[in-house]
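Undergrad: For the sequence shown, the numbering used here begins at 91 and goes up steadily by one.
Hints may be right or wrong, so weigh each one.
[As the list claims (entries may be wrong)] Listed below are the simulated DSBU-like cross-link pairs for lysine-lysine, each with C-alpha atoms no more than 30 Å apart in a straight line:
no., residue 1, residue 2
1, Lys125, Lys98
2, Lys95, Lys125
3, Lys95, Lys115
4, Lys125, Lys105
5, Lys94, Lys133
6, Lys115, Lys97
7, Lys94, Lys105
8, Lys105, Lys95
9, Lys95, Lys133
10, Lys97, Lys125
11, Lys115, Lys105
12, Lys125, Lys94
13, Lys98, Lys115
14, Lys115, Lys125
15, Lys133, Lys105
Calculated from the structure, these hints are not laboratory results.
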Amino acid sequence: TDQKKLKKNPAICTKLGGFVCQVVKAILVAQDDEKDTQNVIRKFNEYTIDLEILTKLGIVELLPVQELLE
Numbered sequence: 091t092d093q094k095k096l097k098k099n100p101a102i103c104t105k106l107g108g109f110v111c112q113v114v115k116a117i118l119v120a121q122d123d124e125k126d127t128q129n130v131i132r133k134f135n136e137y138t139i140d141l142e143i144l145t146k147l148g149i150v151e152l153l154p155v156q157e158l159l160e
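Construct all of the structure, not just a fragment, from the sequences and the given hints.
TA: Put into structure tokens, the structure is as follows:
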């Protein structure tokens, strides 16, 4: 994938930003409830974000969160 195109795509930035906000909120709630934050992180790590990812062939793909954030 072309990293520059991914970073300039407003849909990707918006969806990823929303996802990050959900994760941070869930972690803060878990901390307030004195729960294990690692379980929260694992749960969100398994989610897949439905983003249009540009490839050299113009194919739309789904990327696991871990792969997207690496």
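Undergrad: To test your reading of the hints: which numbers does this structure violate?
TA: Checked against the structure, the hints that fail are numbers 1, 2, 10, 12, while the rest are satisfied.
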